[in-house]
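Since chain B is already given, all that's left is putting chain X on it; use the hints.
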Amino acid sequence: MIFSRHPLEHMLLLSAVIFCCGVYTILTRKNAVSILMGVELVLNAANINFVAFSQYTRIGGMHGNVFTIFVILLAAAEAAVALAIIIGIYQNFGKVDVDQADNMKE
Amino acid sequence: MGTSELVLNAVFYVLAIAAVAGAVAVATSKNIVRSAFALLAVLFSAAALYAVMKADFIAAAQVLIYVGGILVLIIFAVMLTHRITDVKLSNDSTPGPAAFCACLCLLFSLVVVILFTAKWQRDPENVVVRSEGNEITLRQYQADGSTGLARGGIAVEDAVVLEVLVPRPATHLDLVKVRAWSTTKDKDGKENVKEVTGQAAYDQTGMRIRLENLPEGDWRWEVQQVTGGTSEASAKPIPTSSPSDKPDFSVSRGITEPVAKALAGDYLFAFEAVSVLLLAALVGAAFLARKEVRE
Numbered sequence: 348m349i350f351s352r353h354p355l356e357h358m359l360l361l362s363a364v365i366f367c368c369g370v371y372t373i374l375t376r377k378n379a380v381s382i383l384m385g386v387e388l389v390l391n392a393a394n395i396n397f398v399a400f401s402q403y404t405r406i407g408g409m410h411g412n413v414f415t416i417f418v419i420l421l422a423a424a425e426a427a428v429a430l431a432i433i434i435g436i437y438q439n440f441g442k443v444d445v446d447q448a449d450n451m452k453e
Numbered sequence: 032m033g034t035s036e037l038v039l040n041a042v043f044y045v046l047a048i049a050a051v052a053g054a055v056a057v058a059t060s061k062n063i064v065r066s067a068f069a070l071l072a073v074l075f076s077a078a079a080l081y082a083v084m085k086a087d088f089i090a091a092a093q094v095l096i097y098v099g100g101i102l103v104l105i106i107f108a109v110m111l112t113h114r115i116t117d118v119k120l121s122n123d124s125t126p127g128p129a130a131f132c133a134c135l136c137l138l139f140s141l142v143v144v145i146l147f148t149a150k151w152q153r154d155p156e157n158v159v160v161r162s163e164g165n166e167i168t169l170r171q172y173q174a175d176g177s178t179g180l181a182r183g184g185i186a187v188e189d190a191v192v193l194e195v196l197v198p199r200p201a202t203h204l205d206l207v208k209v210r211a212w213s214t215t216k217d218k219d220g221k222e223n224v225k226e227v228t229g230q231a232a233y234d235q236t237g238m239r240i241r242l243e244n245l246p247e248g249d250w251r252w253e254v255q256q257v258t259g260g261t262s263e264a265s266a267k268p269i270p271t272s273s274p275s276d277k278p279d280f281s282v283s284r285g286i287t288e289p290v291a292k293a294l295a296g297d298y299l300f301a302f303e304a305v306s307v308l309l310l311a312a313l314v315g316a317a318f319l320a321r322k323e324v325r326e
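Chain order of the listed sequences is B and X. Counting in my numbering, the first sequence runs from 348 upward without gaps. Counting in my numbering, the second sequence runs from 32 upward without gaps.
Here chain X stands alone, though its shape is the one from the complex:
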């Protein structure tokens, strides 16, 4: 385990402990002001956890809306509806054994489902290409190398693992070479082609190569067959059956751009509906909280 992994683990556990402690304090504290500030700890830890999960935009939205908006509203409500001096009465609760048992059972069943019954890791899709009697299977994984990356999926990290499986007995395949390329157009419409290749001798079953430091963009990759030694000239691409206009995977630093594309594309109607709903909620809240004029 490298240093960065150790740091990542430590950061996660610190944040997890802060979040759980805050949540328990919200549930059990006798003082409502203390509950409100424990909620602050939970919301901030959640924002940091989103950052750990590389969901940068969500982390920023969490801090802005939850911590800056909702929590301030809640603290306002606490201050407006209670005399802070009678702290003992402010956060009454009826802690019954029934509620506690129900929550414990819920937690237990959730833990059992999470740890033992469900299979969370996603297998990669297989793409089969044929070349001279060999059926070659292509797979792509996320940077961790164990979770599949769907065709056309988005890799948030700048590394992907590409796998080439070759069945036995393979003929005319001494060496396979993987070529991945990305075509981006700059402002003048000029095409920039970035190309990364990896090469490995296959060991009867296939090979896995890890491409690192990939620039952002849409990527496609193919397998090249190298016959008769390792010379560059003899590499020839194995034709794929998939259409060539769709990317095999995309690389994106952070999720802001893909989320923006989704919000402006697939979710445009939902986005507009939510904005109308927010307006309605604003008007409704102002209407409910207005001072009634008695005549």
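The shape of chain B in the complex, shown without the other chains:
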């Protein structure tokens, strides 16, 4: 398979691999920051899909690209809040292990 002949399939396969790496990271990590990295991988895989469908099939004009921009913005908001929570957990528990942060209040 050559990229220039099947660009859409190549992009979809690449994003599938990145997506699975992200899911694996989310499933196995104990560290909250690492889990956040896994979420970012999954979001990026989705973004690559959105842009690939938008650019290579033109189903519905620019909708895929606009969605990607919204996903990037929401990821920024999500990262800011998640990191604030992580720092809060760290101040309360002294570590950011999601297995041990299992009570709302000490």
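Read the hints as simulated data drawn from the structure, not as lab findings. Certain hints may be false.
If the Cβ cut is set under 10 angstroms, some of the chain X residues that face chain B in the computed set are [said to hold, decoys possible]:
{"hint": "1", "residue": "Trp-151"}
{"hint": "2", "residue": "Ala-181"}
{"hint": "3", "residue": "Val-224"}
DSBU-like mimics (lysine-lysine), calculated; alpha carbons at most 35 angstroms apart, straight line [as the list claims (entries may be wrong)]:
{"hint": "4", "chain 1": "X", "residue 1": "Lys-322", "chain 2": "B", "residue 2": "Lys-377"}
{"hint": "5", "chain 1": "B", "residue 1": "Lys-442", "chain 2": "B", "residue 2": "Lys-377"}
{"hint": "6", "chain 1": "B", "residue 1": "Lys-442", "chain 2": "X", "residue 2": "Lys-61"}
{"hint": "7", "chain 1": "X", "residue 1": "Lys-225", "chain 2": "X", "residue 2": "Lys-277"}
{"hint": "8", "chain 1": "X", "residue 1": "Lys-277", "chain 2": "X", "residue 2": "Lys-85"}
{"hint": "9", "chain 1": "X", "residue 1": "Lys-85", "chain 2": "B", "residue 2": "Lys-442"}
{"hint": "10", "chain 1": "B", "residue 1": "Lys-377", "chain 2": "X", "residue 2": "Lys-85"}
{"hint": "11", "chain 1": "X", "residue 1": "Lys-225", "chain 2": "X", "residue 2": "Lys-322"}
{"hint": "12", "chain 1": "X", "residue 1": "Lys-292", "chain 2": "X", "residue 2": "Lys-150"}
Every residue gets a Cβ at the ideal spot worked out from N, C-alpha and C, and that includes glycine.
Same frame as chain B, but now just chain X:
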């Protein structure tokens, strides 16, 4: 395959390998700082892949927001929450066979769907015009010539393929000529008409012509019927049934302008909602991360 295609393929594979290697390193690295920098590689490769897909605005936004904002935040969190010296404890994981198998099954099913079950290429829309007993079908494709371009769609490259299908037996159609034109108004309100024509003898079934180096703008095209030789004077347009105020396709270099139009048009409410949400997230993050004053 031309040189530019070879370069494009090479660039894609290099970026794909960098992205996949980075993603695997994020998932498996024992050192969280190393994981964070592997994420940097993934995000940068994704930005370059957007550039390969000619989505220039998305590539810039990816570099600015993801690499410049989110990744810096993540590295901040790594540095604030760990003693970097005890590296071994910093990125604990429980790699179980169950999680690995689940991810492999997921990947397998995704690959099967992508490669074997789904049909991704989009067929072009048919527009049928009638002329002297002939039903002529008009279709338009993107520059690659295999993926359809919707009526009123946007071509990101400066080339489109136009196809004219003529059924047998065709009468009074020795030659068909395709005329595409774009009308743009400049600052003074003067109309500039750019016109491109292509001509080919149809071979019982029709013809395909590829228009290259099209200037930006809204384009319309029509078929002209040339009877009695190839002289210019005898070309007469075949009337189309579609309304004449809508463009058949638009040509745009890059996606910044169409995306800006979409954000200021169809997505205006979503855009405002996201800006309010970003403000709320900012306030919330500042509230959560503040130092508590104990009295």
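Original post:
Taking each numbered hint in turn, which are not upheld by the structure, reported in ascending numerical order?
Top reply: 3, 9, 10, 11
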